[in-house]
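*Asks:* Below, each chain spelled out in residue letters.
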Amino acid sequence: MAVKVISPGLSTSVQDLGRPGYYHLGIPEGGGMDRFATRIANLLVGNEPGAALLEATFMGPELEFTEAATVAVTGGELPPKVNGEERPTWESFPVKAGDRLSFGYLKGGARAYIAISGGIDVPVVLGSRTTYVLGALGGFEGRVLKAGDELPIGTGTGTSGKSLPANLRRPQISPAELRMLPGLYWHRITEAAGKRFFEDTWKVAPEADRIGYRFRGGAPLEFVEREQPFGAGSDPSNIVDACYPYGSIQVPSGTEPIVLHRDAVSGGGYMMLGVVISADMDLIAQLQPHTPAKFAPVTLDQALAARADNAKLMARAEEYLAG
Amino acid sequence: MSIRFNFGGDEHIFGEVSEAMSLDSFFIGLSMTNAVKAANIKGVTEICPANASFQIRFNPDLIKPQDLLKELQSMEDAASKSDSVLKTRIIELPVYFQDPWTHETCMRFRERHQDPNSTDLEYSARINGFATIDEFIAAYSGQPWFVSMVGFVAGLPFLYQMVERQKQIQAPKYLRPRTDTPKLTIGHGGCFAAIYSVRGAGGYQMYGVTPAPIYDPTRKVRYLTDEMCLFKPGDIVKFKSVGRDEYDTLLEAVDANTWQPTVREADFSLTEFNKDMSGTNAKLMELINGR
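Line by line, the protein sequences are chains A and B. First residue of the first sequence? That's 1 in my numbering, and the numbers climb one at a time after it. First residue of the second sequence? That's 1 in my numbering, and the numbers climb one at a time after it.
Next up, chain A with everything else stripped away, as it sits in the complex (with noise of 0.2 Å):
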């Protein structure tokens, strides 16, 4: 069984949940930028939640199947087409040998995620699937899909009519609240800007991919004074090149802040204000270029609360798919 790439949209990779454990050799996790959505489309088509699906950015690929298979599209709303014929989103559907799946123009989010029943076989590489374009790593020959390319499909069968309702998922919200911690550099900025970067309405950039987003739109930071220590460089946002977490908001120059995501580059000399909390990940996976965005300060515990949220969330949707 394989699926053979007609076309292949703006930037569609091979992921999974991610290879965790080698990021201090600069490898980072990967995996599906919306988990909650990665997991989702796999339960739909009666996969493992973790195995290798497709993750199409702003716009479809077009895919040929060799052999019958149940597909589930989640993640933002890309309308799915069978030989032309709209399916929807969030519920998995039959597709036979020959048949043509294809896109229509995105409606919503930034990211779709494309389950086949029986997944993706490409080579586990460190214990995973998951492409790290960058380091020309894992999934199909270590980058995105092109024209031509051939992916082996697992074996498994799904069955097709399996939905999730909306009120099972997460709701987008605009402008977008990404909650975070305070923390790490923070004590480089001023009171006042700190007060500000909060304030602002912040709009995602054009640069805005797995490896981190950018925003912009807000007030430029103003930075406590210092002499600058030794090996960190002269820009009053450098630092002495230190690790960045998933999710760190680095700001270089202190005008365009940065959060870092699932292909992050892991260390680096830039300033970070803190680190964007896990329970929001996904939601700046589904983001688009120009979305307005705002930051918000949460605590420890509150961070901690909301990760338990998400938690049941996924629990409440995985009890009623297994149901």
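Keep in mind that the hints are not guaranteed to be accurate.
DSS-like, lysine-lysine: derived pairs with alpha carbons at most 25 Å apart [as the list claims (entries may be wrong)]:
#: 1; chain 1: A; residue 1: K312; chain 2: B; residue 2: K183
#: 2; chain 1: A; residue 1: K146; chain 2: B; residue 2: K183
#: 3; chain 1: B; residue 1: K70; chain 2: B; residue 2: K42
Quick partial rundown of chain B residues pointing at chain A, CB under 7 Å, derived from the structure [stated by the list, open to error]:
#: 4; residue: G8
#: 5; residue: D10
#: 6; residue: H12
#: 7; residue: M21
#: 8; residue: E46
#: 9; residue: S53
#: 10; residue: Q55
#: 11; residue: G151
#: 12; residue: A154
#: 13; residue: C191
In short, the hints are calculated from the structure, not lab data. If you're wondering where the values come from, they're calculated on a predicted model, not measured in any experiment. Even glycine gets a Cβ: it sits at the ideal position worked out from N, Cα and C.
Given the structure of chain A, go ahead and fit chain B onto it with the hints provided.
*Replies:* Relative to chain A, chain B alone:
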């Protein structure tokens, strides 16, 4: 010296040994991360040493953040008193300085540089007080470097030269990062050298290229079959300046997969090093040259 601990969201603890770079700080960070590794703490998923800091990632569903913090704090005393002795290795890496590829790239991004009328090498030599580029290269490749961090992208080493602070070469990063850097470029930013393991964006000054792959996701390069990444923190690196002809010869051997770098086991003591830097370095370099 006391470590500044901080939560990085709900999944990371960041520990800053000191704001400024020094080998003493690096060693404390390394001792801490080694201690965390040895303690085998449930819920810890990533242990990342950095230049003068470190980062631990954890799953808060498996360990309470405050409990992990307490555990880390309890290790601090032992880590800062550890005797800083390392069983490591010295690796000799050929570098073709003033090569045509980084030169072409550096000219392409001139408007993003502090001094558009000089090359990266001319600029760096000048601001560090060297009369000529040759003298600058001699200093760069004359004394060994310590791998004080691996990261940014897969397998990229940050290198800290093993010389007195006043002899450290320093250079700012580009005003705006380049969108391109040739693969295996030797670059410099702040007090750190870096070797770009893959082609891509970058902000460091560019001085040369090595013919030796340092990251191989396919594990076909003969010395990267077990580990995809050549470097780990604590390795010692000595650059060997080579000309175009030697570079071409080496590249052919790399392509034929017959070449591998000279690597020797080495014992390193920070106390000994701090007492006598040039003596310690001379002994290390003898391991490579003395035969």
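*Asks:* Please go over all the hints and tell whether each is borne out by the structure.
*Replies:* Comparing the hints with the structure gives:
Note on A:K312 and B:K183: the hinted pairing is violated, with a Cα-Cα distance of about 45 Å set against a maximum of 25 Å. In summary, the hint linking A:K146 to B:K183 is supported, as the alpha carbons are separated by about 23 Å, within the 25 Å threshold. Distance hint between B:K70 and B:K42 is fulfilled; the C-alpha atoms sit about 14 Å from each other, no more than 25 Å. Annotation: interface hint on B:G8 holds; nearest CB of chain A at approximately 4 Å, less than 7 Å.
Given hint, B:D10 at the interface with chain A, holds; its Cβ is 4 Å from that chain's nearest Cβ, closer than 7 Å. A least Cβ separation of about 4 Å between B:H12 and chain A falls short of the 7 Å threshold, and the interface hint therefore holds. Interface hint status for B:M21: upheld, as the beta-carbon distance to the closest one in chain A is roughly 3 Å, under 7 Å. For B:E46, the interface hint holds, the least distance from its beta-carbon to any beta-carbon of chain A being 4 Å, beneath 7 Å.
Hint on B:S53 holds. Least Cβ distance to chain A is approximately 5 Å, under the 7 Å limit. Because the beta carbon of B:Q55 sits about 4 Å from the nearest beta carbon in chain A, less than 7 Å, this interface hint is met. Contact between B:G151 and chain A, as hinted, is supported at the beta carbon level, the nearest pair being about 4 Å apart and thus within 7 Å. About 4 Å separates the beta-carbon of B:A154 from the nearest beta-carbon of chain A, less than 7 Å, and the hint is met.
The beta carbon of B:C191 is positioned within 7 Å of a beta carbon in chain A (closest approach about 4 Å), and the interface hint is therefore held.
Hint violations for this structure: number 1 only, all remaining hints satisfied.
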